[in-house]
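Listed in order, the protein sequences are those of chains A and G.
With full-length UniProt numbering as the guide, the letters of the first sequence map in order to residues 1 to 349.
With full-length UniProt numbering as the guide, the letters of the second sequence map in order to residues 1 to 256.
Calculated from the structure, these hints are not laboratory results.
The model shown is predicted, which means the values in this text are computed figures rather than measured ones.
Fair warning: there could be bad hints in the mix.
[To be verified] Simulated pairs of lysine-lysine, DSSO-like, Cα-Cα distance not exceeding 30 Å: (1) A:LYS214 to G:LYS162; (2) G:LYS183 to G:LYS216; (3) A:LYS214 to G:LYS117; (4) A:LYS214 to G:LYS109.
[Claimed, not checked] Sample of chain G residues facing chain A (criterion: CB under 10 Å; computed from the structure): (5) LEU77; (6) LYS109; (7) GLY111; (8) VAL180.
Idealized CB from N, CA, C, for every residue including glycine.
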Amino acid sequence: MTVTAKAPPAADERLSKPRLLDQLVVRPEIGAMLGALLVFLFFSVVTEQFLSLGGAATWLDDASMLGIMAVAVALLMIGGEFDLSAGVMTASTALVTALLATQLGLNVWLALLVSLAFALAVGALNGWLVMRTGLPSFIVTLGSFLALQGLNLGVTRLVTGSVQVSGMRETVGYESAGFLFASTFQIGGQSFYVSIIWWVLFTVIASTVLVRTKFGNWIFAIGGAAQSSRAVGVPVVRSKILLFMTTAFAAWLVGSINILRYASVQANQGIGLEFQYIIAAVIGGCLLTGGFGSAVGAAIGALIFGMARQGIVYAGWNSDWFQLFLGVMLLAAVLVNNMLRRRAERVKR
Amino acid sequence: MTSLIEVENIGKTYGSVIALSDVSTVVNAGEVTCVLGDNGAGKSTLIKILAGVHQHDQGTFRVEGEEIRFSSPREALDHGIATVYQDLAVVPLMSVWRNFFLGSEPTTKFGFLDRRKGREITKKALSDMGIDLRDVEQPVGTLSGGERQCVAIARAVYFGAKVLILDEPTAALGVKQAGVVLKYVAQARDRGLGVVLITHNPHHAYPVGNRFLLLKRGRALGSYEKSEIDIGELTKQMAGGAELEALAHELRGVEA
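Just chain A, with the same shape it has in the complex:
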């Protein structure tokens, strides 16, 4: 046996080097990356502050609050479900923390823990109701969205006599909890909010779970074909409930960042944000029908949001234009996603 050039292992001779386009097409986040690059370049050229450190700190912060939620919502959407209560949950968790700390004088850390337990319970209830009834999650979580909205306003007014809870600064543990959730760090003399780190961390963890673990494999499977997954032994109900709880956890994180940064919370906060999360996830390559998408993509979707929203401010335009931009962006993303899916699902008989 002569030693000639060893064939690379596992490479099939029928596979020519995959075309770059074909390789890219299986990455769900590729459209979002291109979009983000375009938006970045556009505002960098059109405005002066956008590319500065101060500008970056602003749009990164905007993107981070949205991004934490968008990533969690993306996992849920890949798992085949929606959560319309996600936006209001960010207010509910902040309200629970604030009411416990200001009205009952609870230590902020303890208040945060109770509020986390509350969030996880609501998430579990959402998931359990969806799985138990077999109804679309869209309608079930629309119900919990309205219920939470009512609770937020009703309870707040009942306890404080207004629709706002403030006075967090005087509570015990505000400083130390604030350090974890709402402090800033310096880069080049510019302070950045710590929420940006939370966003990056959450994205990295979510993405690792999704692509590199058993549970991640199950998320794709239950979103793509729940019955088939059940037939091969995937715990569909438990996995979906866990995903609802993940979204609720993210809402708790964002709510905690909010309350500790601004020290007060409006009872009607968060309404309408749930659609922004879904839009960011879709821009990031998630299919509305589940089974396909990316956590990194959703984070990039949120980045596009943040850059466009702040870029429009820097450019001195009316913020009305943001909605137009959003609509066009969403349509473009859905069209691209649809094309990608058809490529992936193309059946040869």
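Given chain A, put chain G in place with the hints provided.
The following block gives chain G in isolation, referenced to the frame of chain A:
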């Protein structure tokens, strides 16, 4: 030798609807038991009981001699009974190897997916069954219907199934593809698995089957060993003998 599966006078009702009543059959290792019947004959109900999706409410169900009642598909799987459903065999948007290992993923010692091992084993297991795929990273949705069934069959064989239940594996396929799938059914049988083949096409059942259970309106119309019946009689029993000649051409070539 005890049979892998033995059902005796088994029955199932959904409310006031009697979906299945008084049906008996056996599945032995290295043999194919075919369940034939038209739509609504109770084929699906029977296999759903065997697969652990539903529970029977009459009769006895024995696995390797032991009376049993599964509460979930997972439990059936743990007893070595794997089911491949017609439309539900795979998740189309996921890659071949991720589908292959779905529910039994290989992990490294840190708990992460062992993707390299997953790809290699998938490729090997598929080629052992004679399925030669170019790329196990491609989405299953890009495979043909027959290839998808084959991936699902190879998966069941690899994970040590003793009994393989195939729900209409050839229903949506062209003649040639159906032949390919039946070849893998025969291969699984020759490896010593007990196979339950559900079909409404006697021309697909006869060449590979050892035993034929005919169902009609939830009841057993007859149960035959291969030696007791020929394909003409089988077809006549099933369809009433009318449009048989029109069907006859369909499977002549699959006997291999």
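Evaluated hints:
1. A:LYS214 to G:LYS162: Holds - the C-alpha atoms of LYS162 (chain G) and LYS214 (chain A) are around 25 Å apart, at most 30 Å.
2. G:LYS183 to G:LYS216: OK: LYS183 (chain G) and LYS216 (chain G) at ~27 Å, within 30 Å.
3. A:LYS214 to G:LYS117: With Cα atoms ~14 Å apart, LYS214 (chain A) and LYS117 (chain G) stay inside 30 Å; holds.
4. A:LYS214 to G:LYS109: holds (13 Å)
5. LEU77: With Cβ-Cβ at 5 Å, under 10 Å, it holds.
6. LYS109: violated (13 Å)
7. GLY111: Where the cut-off is 10 Å and the nearest Cβ of chain A is about 7 Å from GLY111 (chain G), the hint holds.
8. VAL180: With a closest approach of 12 Å, the VAL180 (chain G) hint is violated.
Checked against the numbered hints given earlier, this structure breaks hints 6 and 8; the rest are met.
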